[in-house]
Every structure is written in C-alpha cells, then in structure tokens.
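So the sequences go chain by chain: A and B. All letters in the first sequence, in the order written, are residues 1 to 267 by the numbering used here. All letters in the second sequence, in the order written, are residues 1 to 473 by the numbering used here.
Derived from the structure by calculation, the hints contain no laboratory data. Don't be surprised by glycine CBs; every beta carbon is placed ideally from N, CA and C. Careful, some of the hints might be misleading.
What the hints assert, rightly or not - To spell it out: a stretch of chain B is covered by chain A in this simulated footprint if at least three of its residues, at any positions, have a beta carbon under 8 Å from a beta carbon of chain A; those stretches are:
(1) 175–186
(2) 189–197
(3) 200–212
(4) 241–254
As the list claims (entries may be wrong) - Residues from chain A shown here face chain B by an in silico Cβ test under 10 Å; the list is partial:
(5) F101
(6) T110
(7) M111
(8) W119
(9) M121
(10) I148
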Amino acid sequence: MIDDSRVDADEYPEWSPLSIHDMTVAYHRRSVLWDIDYHAPPGQLVAIVGPNGSGKTTLIKASLDLVPKLSGGVRFFGKPYRQQRDRVAYVPQRGSVDWDFPVNALDVVTMGLYRKIGWCMPVTRKYRQMALDSLDRVGMAAYARRQISQLSGGQQQRVFLARALAQDAELYLMDEPFVGVDAATERAIISILHELRSAGKTALVVHHDLQTVKEYFDHVMLLNMRLVATGPTSDVFTPENLKKTFGGKLALLDQVGTRMSIGEGGK
Amino acid sequence: MFAEFWAILFDWGAIDTWIVLTAALASMACALPGNFLVLRRQSMMGDAISHTVLPGIVIAFLLTHHLLQSGVIDDSSRGTTMHLAMFIGAIIFGILTALLTEWVQKLGRVESTAALGVVFLSLYAVGLLLIRRAADNVHIDPDCVLYGMVETAWMDTIGESSVPRMAVVNGSVLLVNAILVVLFYKELKISAFDPGLATTVGVNASAMHYGLMCVTAITLVASFESVGNILVIAMLIVPAATAYLLSDRLSHMIVISLVVAAASALFGHVAAMTLPPIFFRRIGFTTVTSASTPGMMAAVAGLFFIAALLAGPRHGLLSKLLQRFSLRLRIVREDVLGFLYRREESQQSGNEPVVISRKRISESLHHAGWILSTLAIRQLLQRERILMTPEGYRLTESGRRTAQKLVRSHRLWESYMARHFDLPEDHLHETAARVEHFIDVDLRETLASELEGLEIDPHGREIPPAVDEPTAD
Numbered sequence: 001m002i003d004d005s006r007v008d009a010d011e012y013p014e015w016s017p018l019s020i021h022d023m024t025v026a027y028h029r030r031s032v033l034w035d036i037d038y039h040a041p042p043g044q045l046v047a048i049v050g051p052n053g054s055g056k057t058t059l060i061k062a063s064l065d066l067v068p069k070l071s072g073g074v075r076f077f078g079k080p081y082r083q084q085r086d087r088v089a090y091v092p093q094r095g096s097v098d099w100d101f102p103v104n105a106l107d108v109v110t111m112g113l114y115r116k117i118g119w120c121m122p123v124t125r126k127y128r129q130m131a132l133d134s135l136d137r138v139g140m141a142a143y144a145r146r147q148i149s150q151l152s153g154g155q156q157q158r159v160f161l162a163r164a165l166a167q168d169a170e171l172y173l174m175d176e177p178f179v180g181v182d183a184a185t186e187r188a189i190i191s192i193l194h195e196l197r198s199a200g201k202t203a204l205v206v207h208h209d210l211q212t213v214k215e216y217f218d219h220v221m222l223l224n225m226r227l228v229a230t231g232p233t234s235d236v237f238t239p240e241n242l243k244k245t246f247g248g249k250l251a252l253l254d255q256v257g258t259r260m261s262i263g264e265g266g267k
Numbered sequence: 001m002f003a004e005f006w007a008i009l010f011d012w013g014a015i016d017t018w019i020v021l022t023a024a025l026a027s028m029a030c031a032l033p034g035n036f037l038v039l040r041r042q043s044m045m046g047d048a049i050s051h052t053v054l055p056g057i058v059i060a061f062l063l064t065h066h067l068l069q070s071g072v073i074d075d076s077s078r079g080t081t082m083h084l085a086m087f088i089g090a091i092i093f094g095i096l097t098a099l100l101t102e103w104v105q106k107l108g109r110v111e112s113t114a115a116l117g118v119v120f121l122s123l124y125a126v127g128l129l130l131i132r133r134a135a136d137n138v139h140i141d142p143d144c145v146l147y148g149m150v151e152t153a154w155m156d157t158i159g160e161s162s163v164p165r166m167a168v169v170n171g172s173v174l175l176v177n178a179i180l181v182v183l184f185y186k187e188l189k190i191s192a193f194d195p196g197l198a199t200t201v202g203v204n205a206s207a208m209h210y211g212l213m214c215v216t217a218i219t220l221v222a223s224f225e226s227v228g229n230i231l232v233i234a235m236l237i238v239p240a241a242t243a244y245l246l247s248d249r250l251s252h253m254i255v256i257s258l259v260v261a262a263a264s265a266l267f268g269h270v271a272a273m274t275l276p277p278i279f280f281r282r283i284g285f286t287t288v289t290s291a292s293t294p295g296m297m298a299a300v301a302g303l304f305f306i307a308a309l310l311a312g313p314r315h316g317l318l319s320k321l322l323q324r325f326s327l328r329l330r331i332v333r334e335d336v337l338g339f340l341y342r343r344e345e346s347q348q349s350g351n352e353p354v355v356i357s358r359k360r361i362s363e364s365l366h367h368a369g370w371i372l373s374t375l376a377i378r379q380l381l382q383r384e385r386i387l388m389t390p391e392g393y394r395l396t397e398s399g400r401r402t403a404q405k406l407v408r409s410h411r412l413w414e415s416y417m418a419r420h421f422d423l424p425e426d427h428l429h430e431t432a433a434r435v436e437h438f439i440d441v442d443l444r445e446t447l448a449s450e451l452e453g454l455e456i457d458p459h460g461r462e463i464p465p466a467v468d469e470p471t472a473d
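Construct all of the structure, not just a fragment, from the sequences and the given hints.
Dropping the structure here:
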C-alpha cells in the first residue's frame with residue numbers, strides 16, 4: 001500500500017464528509033475500482049448509481065476499511081476513519097446478516113450505540129430509550145420486541161436505518177436501502193433522508209432505481225469501475241452520462257483488475 | 001419396574017452427587033462458549049479444536065518433561081507446572097487451528113469447512129504421531145480420553161475435604177467463562193451478529209474471534225480429564241443448539257443452554273444407573289450391567305435436542321402442525337359463515353333470518369372431514385357467530401358481519417382477477433374461494449380502491465359494502 005500520510009490537506013479537505021483520493025481496489029474477485037477521486041458535498045443526499053458489479057458496494061466497504069485498498073487514501077472530514085468512527089454510520093445490505101439470530105429489533109438498534117456505551121459496560125435504560133426513540137423515528141416502535149426474522153423485508157430495512165440513526169452520525173453510508181421494500185418503508189426512508197439533510201447531515205446512498213434518482217437525490221455519483229461523472233443531479237444525471245455508465249463494462253478494466261486481484265493473492 | 005427404579009435411586013450417595021456436580025460444571029462450562037460457536041456457524045470449530053489441542057498438549061508435556069529432567073524447572077511443583085504447560089500448549093494450538101483454517105481457506109480458495117477438515121485432521125495426525133513417539137513416557141488410556149474419569153472423580157479430592165479436584169477445576173472454568181460472557185456480552189453479540197458493524201462501532205471482531213477460540217481451547221482442555229472428549233464436543237454444541245431452537249433472545253438462549261447442560265448431566269447419570277439393570281435386562285441383554293455416565297449424558301443431551309426440534313415454538317415441527325391445523329380450522333369456520341351468508345342472499349324471506357339445516361351444512365363441508373367440521377361449528381356457536389335452532393343454524397349479527405367481509409373479499413378478488421387476467425368466468429371462483437381467507441382489511445380496501453367503487457362482481461352479484469367496525473375472528 002502506498003503511504004499517503006504526506007499528501008497535503010488540499011486532497012483531503014475538512015469540509016468534505018468523505019474525500020477519496022486516487023483509490024484503486026482489486027479484491028478477491030470482487031468488483032474492481034480504478035483511480036477514484038471524489039469529494040462528497042456536505043449536507044446533501046447523494047445517489048451512487050451504476051450497473052451490477054460496477055463497484056458501488058466496494059466503494060463504501062473500501063472507504064470503511066472493510067476491504068483493503070490497493071492504493072490511494074480515504075479521509076472523513078479530513079481525518080482517517082479510525083479517528084472519525086463516531087461521525088460515520090453505515091447501513092449494510094439487508095442480506096449481509098443472519099436474520100434468524102436470536103435478537104429482537106430493539107437489540108439490533110442498540111448495537112448502534114455500543115461505541116457510546118463503551119467496552120464491557122452494560123446497556124442501561126438510558127440507551128434502551130435512545131434505541132427505542134430511533135425505532136420510533138422509522139415507525140417501528142411497535143415492533144421493538146419482535147424477533148428480527150418475524151419482520152418483513154421492509155421492516156428489517158427500517159431496523160437497520162434506525163440503528164444508523166441511533167449512531168447519531170454526520171455522514172450516513174447506505175447500501176441499497178430501497179431494495180425489496182414496501183411502499184411504506186420507501187416513504188419512511190425518504191422522510192428520514194430529508195430529516196437528515198435538514199439537520200445538515202450527508203447521506204451517500206447506493207441506489208438502483210433510475211426512475212427515482214432525480215426525485216430523491218440532490219447529487220449523483222455515476223460509477224462503473226471508474227468514476228464516470230459526479231455533481232448535482234440536474235447537471236450530471238443526463239442520458240449521455242447514463243449511456244456511458246450503463247453502456248457495457250470496459251472489458252479491459254475488468255480483466256486487468258481480476259489479474260491483479262489474483263496476483264495479490266486476494267490479500 | 002418403577003419400584004425397581006426408585007430402589008436404585010434410593011441408593012444415591014455422596015459419590016453420585018459429586019459425579020453429577022463435576023459433570024454438570026464441565027458441561028455448563030462448555031455450553032457457554034458453545035452458544036457463540038453455534039451462532040457464528042462455527043460449531044465444527046469446537047470439534048476441530050478438541051482434536052487439534054492434542055499436539056499442543058503432547059508438545060508441552062514433552063518439553064516440560066525434558067525441562068524437569070534436566071533440572072531447569074524445580075521438580076517440587078511438577079504437577080502444577082505440567083498442568084500449566086499443557087494449558088498453554090492447548091491454547092496455542094487452539095488459536096493456530098483458527099489461523100491455519102483461515103489461511104488454507106484463502107490460499108486454497110476452498111470453502112471454510114473443507115479448510116477446517118484439512119487443518120484439523122493434519123494437526124490431529126501430528127498429535128497422534130507425537131504420542132507414539134512419546135509412548136515410553138506417557139500412559140494414555142483410550143477409554144480415559146474418550147469417556148473421561150468422572151466416575152472416579154471423587155477419589156481425587158482437594159486436601160482433607162471430600163471435594164473432588166476436578167469439580168474445582170471445572171467450577172473455576174465455568175466461573176471464568178461466565179464472567180467473560182457477562183463482561184463481553186455486547187461485544188460477543190455484535191461480532192457474532194454483524195462483524196462489519198462491530199468494526200464500524202469500534203469492536204474488533206477478529207480479536208473477539210480469536211478470544212473465543214482461546215476460551216474454547218481452555219475450556220475443552222480443562223474438561224477433557226473429567227468428562228472426556230466425546231462429552232466435551234457434545235456439550236459444546238448440543239445444549240447451545242437446543243437452546244437456539246427454544247429462544248429468540250440471546251440472553252435466554254444462554255440460560256437455557258446452561259439448564260440443558262446441567263439437566264443432561266443429572267439425567268444422564270440417573271439413566272446410567274438405572275437403564276442397564278432395568279431396561280437392558282428386560283430386553284434380554286443380560287450382559288449389559290453398567291453404562292458410562294458421560295456416554296449417557298451425551299445421549300440425554302441428544303434427546304433434549306430432539307424434543308426441542310419437535311416442540312420448539314419457532315422452528316418446532318409440532319407447532320408447525322398446530323399452526324397448519326388452526327389455519328384449516330379457521331378456513332372451515334369461515335366457509336360455514338360464507339355458506340350461510342350466501343344462502344341468506346339467495347333466499348331472502350322478509351325479515352326472517354334464514355335457517356339452514358344441519359345436513360345441508362355438513363354437505364357443504366364434505367371436503368373438510370368430520371373432525372374439522374364439528375370443531376368449527378362448535379367454535380362458531382361458542383363465539384356466537386351462529387345460533388342453533390331446532391331446524392338448524394342461522395347467522396348472528398356478528399357472524400353476518402364476519403361473513404360479509406369474507407364475501408366482500410371473495411367478490412373483490414374475482415373482479416380484480418377478471419379485470420387484469422383474461423380468464424374465462426368459471427376459472428375465477430376456485431382461486432377466490434381460497435384467497436378470500438388470506439385477505440385482511442387493508443388488502444381488501446386496497447383492492448376496493450383499485451376497482452374504483454365497483455358494486456357488481458363478474459357473476460353479476462352484489463359486492464357487499466365494507467363493514468365499519470372490525471370484529472375479531
């Protein structure tokens with residue numbers, strides 16, 4: 001990995017909730033990302049849009065150090081992630097956990113508060129109340145004691161959202177929150193996103209439904225293994241840019257990336 | 001037979017109490033880390049570690065033996081040193097198992113169970129080779145390795161007291177494990193449920209993973225001597241797996257697993273005492289005079305698991321059958337109401353309620369069978385949905401409301417299908433007759449609004465209006 005500690009502050013400005021500088025990821029046959037340079041605009045709702053396998057999830061995971069980067073760096077509000085964990089909340093894809101796990105909705109939301117509660121400390125009533133309040137914000141307070149496999153897909157997604165809200169972060173990274181949810185959940189997520197924006201917070205949302213991008217999001221990031229375009233939705237979400245993004249993969253990028261990930265031994 | 005049973009139990013002595021206590025403490029100590037192995041889908045890791053600690057123990061034994069003989073370590077504390085060294089050896093190999101499995105999985109690009117199989121058998125083989133090599137120094141009794149020595153635990157006591165040393169060892173491990181689980185409860189829970197999230201909220205999930213492997217290895221080694229290899233593996237997984245079927249909170253699961261572990265120890269010993277003389281002699285196996293207590297404990301734990309599988313509330317087979325039965329019963333109840341309602345519609349006779357003879361009703365229910373029909377009608381009478389008159393049955397006001405909702409669902413669905421599918425008229429009724437039982441008030445009114453106030457169904461019948469107040473049924 002290239003040492004990026006000496007890169008100056010221009011590349012990682014403090015105003016940007018998420019700055020990515022020249023990031024390349026080729027990880028164990030996962031999607032490949034090439035030379036991403038990006039500054040997330042503060043206080044905006046940003047859609048991350050691209051075809052399957054274009055590296056949307058990988059972008060989020062690599063930013064959070066959940067998968068290794070080949071090169072480049074990521075800063076949150078100008079500082080490395082390790083120092084900024086409190087200010088960043090992550091909503092993974094719903095399929096990433098075992099929903100048969102013996103916990104109820106309230107337990108899952110409380111997990112978002114574990115950092116605040118601290119190592120080895122018990123969950124007190126104060127924190128349970130905070131978790132309950134978050135569940136209430138997504139309209140799920142009535143289901144707090146329900147085992148999570150007894151919830152519908154949309155309700156499960158709202159539990160994940162409530163957990164991120166409980167973290168009370170400034171930047172929210174959400175991976176496909178709208179997939180497979182009912183209309184009520186979609187409305188709940190949208191109204192939460194608006195609440196977050198009014199509170200001056202930023203959300204980067206991996207989004208697959210091109211119909212609603214213009215309606216829901218201020219900014220957009222078009223991704224297909226490389227950054228195709230980024231900017232305000234009205235400027236960037238154009239038919240030409242979409243054609244560039246969805247008009248087939250650049251086969252060469254994929255091939256070279258796969259070779260590199262094998263060469264790295266999937267480290 | 002019962003007299004015989006009680007006569008044997010009447011001989012229960014202090015020795016039996018110590019056997020049960022020692023085994024129960026060991027089982028409970030194993031069950032605690034077992035909960036997390038089961039939840040992380042790493043149950044086989046426990047099995048693997050129980051084998052791979054062998055080379056660690058043997059290497060530690062040989063090394064310490066060598067150091068003792070050459071006088072580097074004082075011989076006066078031989079026993080303690082030996083135990084400590086074997087624990088350390090076991091821990092190192094426990095962690096090594098987890099590490100090697102991950103490496104093999106990554107480098108060999110094989111699935112995790114295959115990697116585990118490779119590592120576990122190779123290390124176990126190394127252990128067996130080392131034992132052969134060291135056979136001059138060590139006496140290893142296979143019976144003792146497999147079944148442990150819980151039955152003779154009372155002979156080796158602490159000082160002058162009658163407390164067996166093994167009971168103290170197992171009790172200490174249980175205590176340490178319990179403290180660790182209480183202390184790291186949140187951290188264990190989050191890193192088992194969602195390692196990614198654990199990392200983002202600052203809990204080091206891989207540290208928790210290796211910590212769990214350490215604890216598992218220590219627990220296994222500590223319990224080996226008393227209850228043996230087989231029971232240790234059983235107690236690591238079976239109580240936790242049983243508890244998993246019976247609970248939907250992690251804290252409940254842990255408590256239930258402890259109860260199952262302790263109960264297996266108690267009933268296992270009782271079974272070992274009573275089964276050979278009573279049961280096996282009766283079925284003609286006169287040569288069977290005794291059974292191994294640890295073996296019986298594992299068998300009893302297995303029975304607990306089967307019982308949980310059958311009767312568990314969430315995944316239990318019985319509860320599934322029960323659910324299916326109550327669904328069928330509800331459908332028959334609703335069919336009776338629907339039948340009466342439709343009869344009322346077709347034979348409207350002024351203000352007189354329509355009474356249908358018992359025979360006509362049972363004819364309409366011929367598909368349901370006698371038991372379901374009888375039960376359904378009894379429940380409808382109890383809930384005052386229908387009334388019994390000398391001539392037969394008729395709907396009550398609340399029954400009519402329930403029936404109206406049902407018929408409304410039926411005809412709305414038929415209309416909806418007719419509008420969106422190009423189906424002949426005779427295809428509509430049968431699906432609707434099934435679907436009507438699964439349409440709740442929300443869905444019904446969504447259908448109604450989609451159909452924009454349609455009042456007549458495809459067969460030309462009136463779609464009954466919505467019922468104002470919801471009645472529970």
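Now for the hints, and whether the structure bears them out:
A count of 4 residues in the stretch 175–186 of chain B with a Cβ less than 8 Å from any Cβ of chain A is obtained; the coverage claim is therefore met, three being the minimum. Counting residues of the stretch 189–197 of chain B whose CB lies closer than 8 Å to any CB of chain A gives 7, so the stated coverage by that chain holds, three being the minimum. Residue count for the stretch 200–212 of chain B with a Cβ under 8 Å from a Cβ of chain A: 4. That meets the three needed, and the coverage hint holds. Here the stretch 241–254 of chain B counts 7 residues with a CB under 8 Å from a CB of chain A, which clears the bar of 3, and the coverage holds.
Hint status for F101(A) relative to chain B: holds, with the closest Cβ pair at about 5 Å, below 10 Å. Hint status for T110(A) relative to chain B: holds, with the closest Cβ pair at about 8 Å, below 10 Å. Because the beta carbon of M111(A) sits about 5 Å from the nearest beta carbon in chain B, less than 10 Å, this interface hint is met. About 7 Å separates the beta-carbon of W119(A) from the nearest beta-carbon of chain B, less than 10 Å, and the hint is met.
Because the smallest distance between the Cβ of M121(A) and any Cβ of chain B comes to about 8 Å, under 10 Å, the interface hint for this residue holds. At about 9 Å, the closest approach between the beta carbon of I148(A) and any beta carbon in chain B falls short of 10 Å, and the interface hint on this residue holds.
Checked against the numbered hints listed earlier, the structure breaks none of them; every hint is satisfied.
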